[in-house]
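Peer 1: One letter stands for each residue in the lines below.
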Amino acid sequence: MTGVSGKRAVVGVGTSRSANVFAAVGNRLMTKVLLIEDDSETAEEITAELADRGFEVEWSANGIDGLDKARSSRPDAMIVDRLLPGMDGLTVIEALRKDQVRTPVLVLSALGAVDDRVRGLRMGGDDYLTKPFALVELIARVEALLRRPAESRETTLRAGQLELDLIKRTAKRGDRVIDLLPREFRLLEYMVQRSDQLLTRAMLLEEVWNYKFVPTTNLVDVHMGRLRHKVDGPGEVPMIHNVRGAGFILRAGP
Amino acid sequence: MRQPQFIRSSTFHWTLAVAGVFAVFVITLFGFIYWKVDDYLITRSDRMISSQLDFIAGLPGEQQLSAINQNLKQDSRGVQHAGLFGADGRRIAGNMERIPPELRLNDIVHNVSVTRMLPTGRDARVIRAIARTMPNGNTLVIGREVDETREISHVVGQALALGLLPALCLCLLAGALLSMRAQKRVEEVNKRVQRIIAGDLSERLPHRNADEPFSKLAVIVNGMLDEMETMIHALAGVGNDIAHDLRTPLTRARLALERGRTNATTVEQLQTVADKAIASIDQSLAIITALLRLAEIENSRRSAAFGSVPLHAMLREVCDLYEPIAENKKVDLRAKVKYNLNVLGDRDLLFEAVANLVDNAIKFTPEGGRVGIELESGDKKTIVRITDTGPGISEQEREAVLRRFYRSDKIRSTPGVGLGLNLVAAIVKLHGFRLAIHSGPGGRMEIICPGRQSG
Chain X
1 MTGVSGKRAV
11 VGVGTSRSAN
21 VFAAVGNRLM
31 TKVLLIEDDS
41 ETAEEITAEL
51 ADRGFEVEWS
61 ANGIDGLDKA
71 RSSRPDAMIV
81 DRLLPGMDGL
91 TVIEALRKDQ
101 VRTPVLVLSA
111 LGAVDDRVRG
121 LRMGGDDYLT
131 KPFALVELIA
141 RVEALLRRPA
151 ESRETTLRAG
161 QLELDLIKRT
171 AKRGDRVIDL
181 LPREFRLLEY
191 MVQRSDQLLT
201 RAMLLEEVWN
211 YKFVPTTNLV
221 DVHMGRLRHK
231 VDGPGEVPMI
241 HNVRGAGFIL
251 RAGP
Chain L
255 MRQPQFIRSS
265 TFHWTLAVAG
275 VFAVFVITLF
285 GFIYWKVDDY
295 LITRSDRMIS
305 SQLDFIAGLP
315 GEQQLSAINQ
325 NLKQDSRGVQ
335 HAGLFGADGR
345 RIAGNMERIP
355 PELRLNDIVH
365 NVSVTRMLPT
375 GRDARVIRAI
385 ARTMPNGNTL
395 VIGREVDETR
405 EISHVVGQAL
415 ALGLLPALCL
425 CLLAGALLSM
435 RAQKRVEEVN
445 KRVQRIIAGD
455 LSERLPHRNA
465 DEPFSKLAVI
475 VNGMLDEMET
485 MIHALAGVGN
495 DIAHDLRTPL
505 TRARLALERG
515 RTNATTVEQL
525 QTVADKAIAS
535 IDQSLAIITA
545 LLRLAEIENS
555 RRSAAFGSVP
565 LHAMLREVCD
575 LYEPIAENKK
585 VDLRAKVKYN
595 LNVLGDRDLL
605 FEAVANLVDN
615 AIKFTPEGGR
625 VGIELESGDK
635 KTIVRITDTG
645 PGISEQEREA
655 VLRRFYRSDK
665 IRSTPGVGLG
675 LNLVAAIVKL
685 HGFRLAIHSG
695 PGGRMEIICP
705 GRQSG
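So the protein lines, in turn, are chains X and L. Using the working numbering, you'd call the opening residue of the first sequence number 1 and step up by one each time. Using the working numbering, you'd call the opening residue of the second sequence number 255 and step up by one each time.
If you're looking for bench data, these hints aren't it; they were derived computationally from the structure. Predicted model, so just to flag it, every value in this text is computed and none were measured. Fair warning: there could be bad hints in the mix.
Calculated cross-link-like contacts (lysine-lysine; reagent style DSBU-like; alpha-carbon spacing at most 30 Å) [to be verified]:
{"hint": "1", "chain 1": "X", "residue 1": "212", "chain 2": "L", "residue 2": "590"}
{"hint": "2", "chain 1": "X", "residue 1": "212", "chain 2": "L", "residue 2": "584"}
{"hint": "3", "chain 1": "L", "residue 1": "530", "chain 2": "X", "residue 2": "131"}
{"hint": "4", "chain 1": "X", "residue 1": "32", "chain 2": "X", "residue 2": "98"}
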């Protein structure tokens with residue numbers, strides 16, 4: 001579990017770069033996020049955190065009102081609680097999807113049922129987060145939803161000096177060939193597709209290893225340590241960064 | 255006025271109803287017997303008098319008189335009536351004063367009321383009689399009193415009184431006794447149950463060893479109470495464990511915050527303190543999450559969403575995921591997967607189960623050791639085997655580890671939530687598989703998936 005307050009990720013790491021990552025999103029014409037959550041305290045925390053990141057947040061405390069707002073104000077992303085008064089969160093999503101509204105939705109739930117996640121995703125949710133969650137985790141996932149890599153036919157991926165050949169499954173940093181194991185290549189591919197984006201351990205486990213439950217061991221850190229060793233050679237500017245208590249970022253820029 | 259309790263009991267009401275039905279039945283039976291016997295006696299007596307009439311009427315004139323007298327003389331009980339009357343109705347012989355007015359001279363036996371001349375005086379009663387007018391103009395009348403009927407009704411009445419009344423009384427008494435006994439036992443059970451409700455879980459219901467429904471029921475309930483007592487004790491133990499495990503990180507968080515609040519002078523110091531507190535709280539949350547997941551899996555049913563899980567691919571993925579960790583610990587992790595085998599199940603849960611076993615195996619294997627993941631196809635079963643060169647699980651512990659809620663001290667003292675094996679057991683059970691834990695030296699855990707597998 002990587003639960004830490006999101007603010008700390010910024011202040012604690014204290015680099016101007018990490019602030020830039022989020023500012024970059026903020027500068028694009030104010031991204032609008034609709035939050036449908038009935039617990040006002042939770043909603044307040046989430047709203048404040050999102051506002052700090054430069055998002056414009058609209059909050060709705062029940063499903064019916066939330067659905068109205070989703071239809072009228074056309075948000076860029078939505079965070080929907082699973083259990084809501086008036087109308088169930090999943091019903092809201094279903095109704096929107098029926099209207100051909102494709103806004104990415106992150107489903108929040110206190111229910112931990114094994115099938116619940118599957119149902120949430122099947123009903124049209126794009127990602128799923130179980131309560132209690134860390135605010136960094138939430139922000140990282142919202143960011144990921146907003147910047148989902150477009151389906152591309154490119155056979156080469158690039159991020160800064162890194163170049164990945166998706167056909168030959170080879171990687172180069174500048175002229176240096178990086179010798180990667182298949183699992184390391186998969187991890188790097190995922191990170192390059194989402195460069196300059198905070199990736200939490202849970203996200204990596206789910207997406208790269210298809211592992212739905214966070215194990216107690218520091219699995220991701222060990223894998224990341226090995227990958228970093230190969231990607232960031234001696235004397236090179238590090239590209240893979242550990243954001244303490246939050247996750248990892250692959251920085252493309254200098 | 256308060257009735258005694260047994261009168262209100264259903265047992266007693268049932269006894270009353272049965273006694274009533276019994277009485278009606280007996281009275282009907284006696285009535286039937288009375289009617290049948292009566293009928294038989296009358297038929298017999300009718301036949302007798304008509305044959306007497308035939309006999310006397312067949313005699314020549316003067317012999318008739320002596321035959322009538324003879325007949326009457328032989329009748330010691332005085333039930334016989336006979337009379338010979340002239341054509342003018344004058345009495346010639348016999349003990350009848352005159353021809354009874356309602357007597358029909360038609361040669362058929364029927365009821366007639368007569369007056370008899372006896373030494374003690376005149377006596378009127380209803381008899382069965384037959385009369386015939388003979389060719390000489392005289393009328394012969396033969397009659398007989400059927401007073402046996404009255405006697406029989408008397409006997410029947412006596413028998414009824416003698417049999418039915420005591421039987422009814424006995425019924426009521428038995429009903430009252432049975433209902434009182436049942437009442438007493440219910441009260442006894444109620445007393446014990448009240449004690450159990452009050453929290454005395456060691457209390458049991460009283461029962462005799464007899465093969466009687468009440469005792470059988472008590473034995474069943476006692477069995478249930480035994481089971482519940484064990485479970486509640488186990489739960490209480492788990493509750494204590496959880497409380498203890500939660501208190502440790504929470505205490506750490508509290509101490510860190512308390513000390514930080516007093517001592518921290520810079521933002522950095524405060525952040526360090528907050529980091530510590532958050533890490534501790536995360537650990538508590540991890541314990542709660544693990545417990546909730548455990549309960550959730552234990553309470554789930556075989557899902558309809560189960561699909562075909564390629565075990566060969568899954569085991570290679572687990573191996574792939576844990577290889578770097580094993581390498582860091584200088585443990586040789588290897589997947590020996592020769593065949594492609596599929597089982598029906600939930601891929602994510604099975605992955606978690608195997609990952610947990612591998613995680614544990616790596617944790618307990620010392621540097622330079624080996625951990626193996628094997629997939630084997632046996633006789634109508636598929637086996638996933640995780641072996642290691644660690645200390646393994648001792649024979650005593652092997653039993654305990656499979657018991658519900660058991661947590662090994664060895665597991666608890668290592669970092670992590672310590673519910674891993676319980677989770678594995680729950681997942682395996684949910685799939686209808688079996689978890690075999692082999693005792694040391696060296697760890698050997700097997701997930702045995704029975705049934706036909708597609709290759």
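Peer 1: Next step is simple, just say for each hint if it's right about the structure.
Peer 2: How the hints compare with the structure:
Pair hint residue 212/X plus residue 590/L holds up; C-alpha atoms about 25 Å apart against a cutoff of 30 Å. Restraint check: the Cα-Cα separation between residue 212/X and residue 584/L comes to about 27 Å, which is no more than 30 Å; the hinted pair holds. Taken as a hint, the residue 530/L and residue 131/X pair is honoured in the structure, with Cα atoms around 21 Å apart against an allowance of 30 Å. About 22 Å separates the Cα atoms of residue 32/X and residue 98/X, which keeps this hinted pair within 30 Å; it holds.
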